Amino acid sequence: MAGISSSGSALYIYACTRMRVRRSQLIPREDYLRMLNMSLPEITRFIGETNYRSEIDELGTSFSGIDLVEVALSWNLAKEYQSILELMPGDLKYFTASYLRRWDIQNIVTLLRGKMQGMRPGKIKEVLVPAGRLDRVVLDRLVAEDSPERVVEALRGERFYPTLERELPRAVETGSFAHLENELYKGYYARLIADATGGLKGGDVFLKYIELEIDIRNIQNLFRLRASHVHEDVRELMISGGSFKVEELQRLSGLEDRDEFIDALKRQVRMVPLLNALEEIRGRTALHQVEVALTKVQLDQMERMSKRYPFSILPVIVYLEEKKYEVANLRALARGKEAGLPGERLQGYLVM
Numbered sequence: 001m002a003g004i005s006s007s008g009s010a011l012y013i014y015a016c017t018r019m020r021v022r023r024s025q026l027i028p029r030e031d032y033l034r035m036l037n038m039s040l041p042e043i044t045r046f047i048g049e050t051n052y053r054s055e056i057d058e059l060g061t062s063f064s065g066i067d068l069v070e071v072a073l074s075w076n077l078a079k080e081y082q083s084i085l086e087l088m089p090g091d092l093k094y095f096t097a098s099y100l101r102r103w104d105i106q107n108i109v110t111l112l113r114g115k116m117q118g119m120r121p122g123k124i125k126e127v128l129v130p131a132g133r134l135d136r137v138v139l140d141r142l143v144a145e146d147s148p149e150r151v152v153e154a155l156r157g158e159r160f161y162p163t164l165e166r167e168l169p170r171a172v173e174t175g176s177f178a179h180l181e182n183e184l185y186k187g188y189y190a191r192l193i194a195d196a197t198g199g200l201k202g203g204d205v206f207l208k209y210i211e212l213e214i215d216i217r218n219i220q221n222l223f224r225l226r227a228s229h230v231h232e233d234v235r236e237l238m239i240s241g242g243s244f245k246v247e248e249l250q251r252l253s254g255l256e257d258r259d260e261f262i263d264a265l266k267r268q269v270r271m272v273p274l275l276n277a278l279e280e281i282r283g284r285t286a287l288h289q290v291e292v293a294l295t296k297v298q299l300d301q302m303e304r305m306s307k308r309y310p311f312s313i314l315p316v317i318v319y320l321e322e323k324k325y326e327v328a329n330l331r332a333l334a335r336g337k338e339a340g341l342p343g344e345r346l347q348g349y350l351v352m
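Sequential numbering from 1 applies to the sequence shown in full-length UniProt numbering.
Honestly, the hints are just simulated from the structure, not real lab data. Just so it is clear, the structure is predicted and the values come from calculations on it, not from any experiment. Please note that the accuracy of each hint is not assured.
Below, computed lysine-lysine pairings styled on DSS-like, alpha-carbon distance capped at 25 Å [claimed, not checked]: (1) K324 with K79; (2) K93 with K324; (3) K123 with K324; (4) K307 with K296; (5) K208 with K93; (6) K93 with K186; (7) K266 with K245; (8) K307 with K208; (9) K245 with K208; (10) K245 with K296; (11) K186 with K296; (12) K93 with K201; (13) K266 with K296; (14) K208 with K324; (15) K79 with K125; (16) K208 with K125; (17) K93 with K266; (18) K201 with K307.
Pairwise CB distance ranges, derived in the manner of DEER restraints [what the hints assert, rightly or not]: (19) P310 with P41: 40 to 46 Å; (20) A154 with R29: 41 to 47 Å; (21) E165 with P41: 41 to 47 Å; (22) R308 with Q25: 19 to 25 Å; (23) G122 with P41: 19 to 25 Å; (24) K307 with R235: 32 to 38 Å; (25) R120 with A339: 18 to 24 Å; (26) R120 with R170: 23 to 29 Å; (27) T197 with M38: 44 to 50 Å; (28) D140 with P169: 23 to 29 Å; (29) S62 with I13: 37 to 43 Å; (30) P342 with G122: 28 to 34 Å.
C-beta atoms are modelled at their ideal positions from N, C-alpha and C, and glycine is treated no differently.
Please model the complete structure; the sequences and the hints are all you need to start from.
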């Protein structure tokens, strides 16, 4: 690790080793399969016996049922991400903080949708994850605002404020925040690329992962657009910076036959796991099955990359993403059981 002192190198090794230890404590596949056959109270008790115990115990007197699970998961995820950020040394902290700013986007869009739908502030607050730049104090202040316009105005001075100001009228008029959300993510990835190429040690490795994530996100977006029967110009919906040129993504989106689309996509791909996943997707029509298959490719490739660069930002990102999907899995299980969905149907939504 040229350019880093021996003490700095030791701190990097320690931080990355801690991430591997935390990964070993994540819920294994066999426990998810067991939970598919549990009721919501049984799932809540099971979660309360894992690393979520303190949140379940602390919140158990104020919440119950699905609300208890939702709030406990959000609190645990935010606490875990904040503790990881504190653990990171040097440039790893900078890259980790940059990566975690995606939660600002998720929280803002959740807030705006909630305000548009007239949701109670307490209900919105339950699913916010203060893991980015906007901490719990700021988010509480935003939750108290009485309209989407007031939420956006309260964010004046943040780097994404110009995008919010520009896109909010269209979102309110159409009742859809999809375009606004996409514009925020385009700005987020542009910033990640700028951070990765800014000359900090390890930025080249960070950039490799960002390119992978952009590719997977663009491919997922192409499948989403096909599911919505959108075939017009989609270039403004694609994210620049991956291995696919935006013009090529536009050409692919114009292929109406699904098999022809998948074949053309495979011709542009060199990553074997992604080639296999695309072939697997060929026989699947449900969008959530497509997205889960692509997410698994991303996680698998992240793992491979982190082994090549064991003392870089990659082991950190691997854990951040796997922890995120653990929470998403538990939330899907709890919501599915609350809705009375059978276990075999729920399994298709889990990333295991």
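Here is what the structure says about each hint:
1. K324 with K79: 12 Å, holds
2. K93 with K324: 19 Å, holds
3. K123 with K324: 20 Å, holds
4. K307 with K296: Distance ~17 Å between K307 and K296 Cα, so the pair holds.
5. K208 with K93: 18 Å, holds
6. K93 with K186: 22 Å, holds
7. K266 with K245: 15 Å, holds
8. K307 with K208: Holds. K307 to K208 sits at ~14 Å (cutoff 25 Å).
9. K245 with K208: 16 Å, holds
10. K245 with K296: 23 Å, holds
11. K186 with K296: Between K186 and K296 the Cα gap is close to 23 Å, so the pair holds against 25 Å.
12. K93 with K201: 12 Å, holds
13. K266 with K296: 17 Å, holds
14. K208 with K324: 21 Å, holds
15. K79 with K125: Roughly 15 Å between the alpha carbons, so the hint for K79 and K125 holds.
16. K208 with K125: 35 Å, violated
17. K93 with K266: Judged against 25 Å, a Cα distance of about 36 Å means the pair is violated.
18. K201 with K307: 18 Å, holds
19. P310 with P41: 40 to 46 Å: 41 Å, holds
20. A154 with R29: 41 to 47 Å: 42 Å Cβ-Cβ, so the 41 to 47 Å window holds.
21. E165 with P41: 41 to 47 Å: Cβ of E165 to Cβ of P41: about 45 Å, so the range 41 to 47 Å holds.
22. R308 with Q25: 19 to 25 Å: 24 Å, holds
23. G122 with P41: 19 to 25 Å: 22 Å, holds
24. K307 with R235: 32 to 38 Å: 35 Å, holds
25. R120 with A339: 18 to 24 Å: Roughly 20 Å apart at Cβ, these two residues keep to the hinted range, so it holds.
26. R120 with R170: 23 to 29 Å: Taking Cβ atoms as reference, R120 and R170 lie about 26 Å apart, which means the hint holds.
27. T197 with M38: 44 to 50 Å: 47 Å, holds
28. D140 with P169: 23 to 29 Å: 26 Å, holds
29. S62 with I13: 37 to 43 Å: Taking Cβ atoms as reference, S62 and I13 lie about 41 Å apart, which means the hint holds.
30. P342 with G122: 28 to 34 Å: 31 Å, holds
Hint compliance for this structure: hints 16 and 17 are not met, and every other hint is.
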